[in-house]
Structure formats: C-alpha cells, structure tokens
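**Q** Put together the whole structure using the sequences plus the hints.
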Amino acid sequence: MFKLKKGDIWKAVVLVILIAATCVFAYWRISKAIARPALPGVPAVAKKAAATGPAEEVSSGEEMFATRPRMTPSELAKAHTAPDPFRPEVSERGRARPPAASPTDSPPAEVSPAAGLWLTGVIYSERPLAIVREGEGHYFVRRGDSLPGGWKVASIGPKSITLTRADQRLSLQVSPPPTTWPTF
Numbered sequence: 001m002f003k004l005k006k007g008d009i010w011k012a013v014v015l016v017i018l019i020a021a022t023c024v025f026a027y028w029r030i031s032k033a034i035a036r037p038a039l040p041g042v043p044a045v046a047k048k049a050a051a052t053g054p055a056e057e058v059s060s061g062e063e064m065f066a067t068r069p070r071m072t073p074s075e076l077a078k079a080h081t082a083p084d085p086f087r088p089e090v091s092e093r094g095r096a097r098p099p100a101a102s103p104t105d106s107p108p109a110e111v112s113p114a115a116g117l118w119l120t121g122v123i124y125s126e127r128p129l130a131i132v133r134e135g136e137g138h139y140f141v142r143r144g145d146s147l148p149g150g151w152k153v154a155s156i157g158p159k160s161i162t163l164t165r166a167d168q169r170l171s172l173q174v175s176p177p178p179t180t181w182p183t184f
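The sequence shown begins at 1 in the working numbering and counts up by one.
Computed list of lysine to any residue pairs in SDA-like fashion (alpha-carbon distance at most 20 Å, straight line):
id	residue 1	residue 2
1	152	162
2	159	118
3	32	20
Simulated restraints on C-beta separations:
id	residue 1	residue 2	range
4	157	116	13 to 23 Å
5	162	86	16 to 26 Å
6	75	34	26 to 36 Å
7	127	32	52 to 62 Å
8	74	15	53 to 63 Å
9	75	144	33 to 43 Å
10	86	22	51 to 61 Å
11	72	148	43 to 53 Å
12	125	75	27 to 37 Å
13	75	152	39 to 49 Å
14	73	144	37 to 47 Å
15	28	86	47 to 57 Å
Don't read these hints as lab results, they were simulated from the structure.
Quick reminder that beta carbons are idealized off the backbone N, C-alpha and C, glycines included.
**A** Have a look at this one:
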C-alpha cells in the first residue's frame, strides 16, 4: 500500500483544490461560450459606433431575436426546398418543365424516324407518365395528352407507349440498356 508523509498530505490537498478550481473555471468558460450571441462582436461594434458619432445606424442584433419570426417553421422549411425531380410539373397540354437533373442511367430511346418521336423513359405508377423526345424538346405526357404532329397518347405500358393519329397507330418502345457503359 502507498503511504503518505505528513507534508505530502498537504500537497495532495492543494493539488485536489487546484484540480477542482480548474474544473470550475473550465465549466464557467464553456457555459459562457455557449451562452454567447449568434453574432459575436456586433455589440462591441455598436458601442464603438455610438462613441464615434451617428454616421450610420448599427444594430446589435438583439432585437432580431426578441421579435416574433416572420415565417413559421413549416413555412420556412417549404421556402428553401428544391422541387421534387421525380414529380415534374405537367401542364394542360402535356408540355413539362424538365427535372432539375436528368438521370444518367436512363436507357437510350428507340429511334422512330417516321414520327420524329423517341420514347426516353416511362414512370409506371397508378398514373403512368411517359417522357417523349422530339428533336431537342422533351414532353412529359399522360394518357390522353397530345403531342406534336397530331399524335395522341392512347396507352402507356411499363416499357412502351401507344400513339394514335386519325387511323394510324404508332408504338414506341424503350430500348434495353447498353451492354457496355461509357468510361470517364
């Protein structure tokens, strides 16, 4: 067992008191840092500006936190969200704004030189949505929508779309994915 001499006991007591004082000081500094306002140094700038004269009004930022927020949290959450890329906004005529990012892994479309239309992809759900390309434009269409050239969407399948025009019928298929992928 470890034995302490009479003079060593006082040294141990002083050491314990110093450790306790250090812990209290560290706790005080940490709690002071946590309670600091979001914009440190701004009140000091406001005091300095008041001492130099009324050149311009400087806010301390405290009134910003004291007032009621202009938007509720749910409004604020909705205000800074990007549109859902998987739910494009479809207009009355079937023309849609393209999604924010086009998928890189979508299969290539089958060429249809007769109509000038290509089936780029199908989103098959309760209300299927087909992505049809004509030249540089893309159309997001549902059953019953019209396309350029007088074509009307008759049906949408998991990998195909059927178009009608007068007495003509055109079926477009999504091509299978390529066997080799491009290297970067």
